[in-house]
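*Asks:* Residue-level listing of the chains:
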Amino acid sequence: GGIITQTPKFLIGQEGQKLTLKCQQNFNHDTMYWYRQDSGKGLRLIYYSITENDLQKGDLSEGYDASREKKSSFSLTVTSAQKNEMAVFLCASSDNSGNTLYFGEGSRLIVV
Amino acid sequence: GQGVEQPAKLMSVEGTFARVNCTYSTSGFNGLSWYQQREGQAPVFLSYVVLDGLKDSGHFSTFLSRSNGYSYLLLTELQIKDSASYLCAVRAVGDNSKLIWGLGTSLVVNP
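Keeping their order, the protein sequence lines are chains P and F.
Heads up: take any position in the first sequence, counting from 1, add 104, and you land on my numbering.
Heads up: take any position in the second sequence, counting from 1, add 22, and you land on my numbering.
Honestly, the hints are just simulated from the structure, not real lab data.
Check the hints yourself; a few may be wrong.
Partial selection, computed: residues in chain F whose CB lies under 8 angstroms from chain P [said to hold, decoys possible]:
| id | residue |
| --- | --- |
| 1 | F51 |
| 2 | G53 |
| 3 | S55 |
| 4 | Q63 |
| 5 | A64 |
| 6 | P65 |
| 7 | Y70 |
| 8 | R113 |
| 9 | V115 |
| 10 | K120 |
| 11 | W123 |
| 12 | G124 |
Treat the numbers as computed from the prediction; the structure is a model and nothing was measured.
The C-beta atom is built at its ideal place from N, Cα and C for all residues, glycine as well.
Between the sequences and the hints, there should be enough to build the whole structure, so can you do that?
*Replies:* Written out as structure tokens, the structure is:
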């Protein structure tokens with residue numbers, strides 16, 4: 105088995121601040137994803153990456169940057185934190201079929 | 023437009039069963055997945071189906087009808103710990119075959 109580790113579990117920052125979430129997986133999966141989960145809304149894809157150094161925009165990429173410098177890690181940066189984007193950010197990975205996603209425990213963004 | 027619909031809430035009783043419905047409308051179909059998400063935890067994969075019919079996996083079974091754009095997740099012999107949100111996700115064709123997620127059904131299992 106494998107595991108996906110997201111850090112930090114809680115990310116607290118000020119409005120306008122640049123904040124970064126990190127994600128590591130040891131499944132040796134090629135594809136990794138960042139989703140945002142808001143209460144009452146479905147999972148929304150921010151960025152995904154199909155291999156090292158690849159980046160693909162999802163439906164919600166505005167205001168975010170991502171980086172896939174190694175196969176095992178995928179980071180997400182909130183370029184200018186806003187109070188209306190306080191949500192849970194979920195990292196996931198999958199093999200090339202994408203039929204099964206393995207999720208991390210999530211990181212909650214708090215903007216003060 | 024494309025979409026995946028699920029009822030928001032479902033209640034059932036311990037020891038009985040629950041059927042969580044999912045209807046979808048997508049440009050093409052490349053498989054449907056079910057995930058369980060307990061409060062404050064990560065979604066956990068339960069099942070993937072791409073062919074019509076019932077896939078029996080014991081406690082969880084999954085049905086798919088592609089012609090009707092419909093699936094359900096059937097939980098039998100319910101336990102209190104089955105109380106969770108159940109998410110349906112459909113993979114469309116084209117547009118990088120992205121996953122389209124439903125909002126999830128919150129299942130409450132009462133004693």
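*Asks:* Of all the hints numbered above, which does this structure not satisfy? Sort the numbers upward.
*Replies:* 1 and 9
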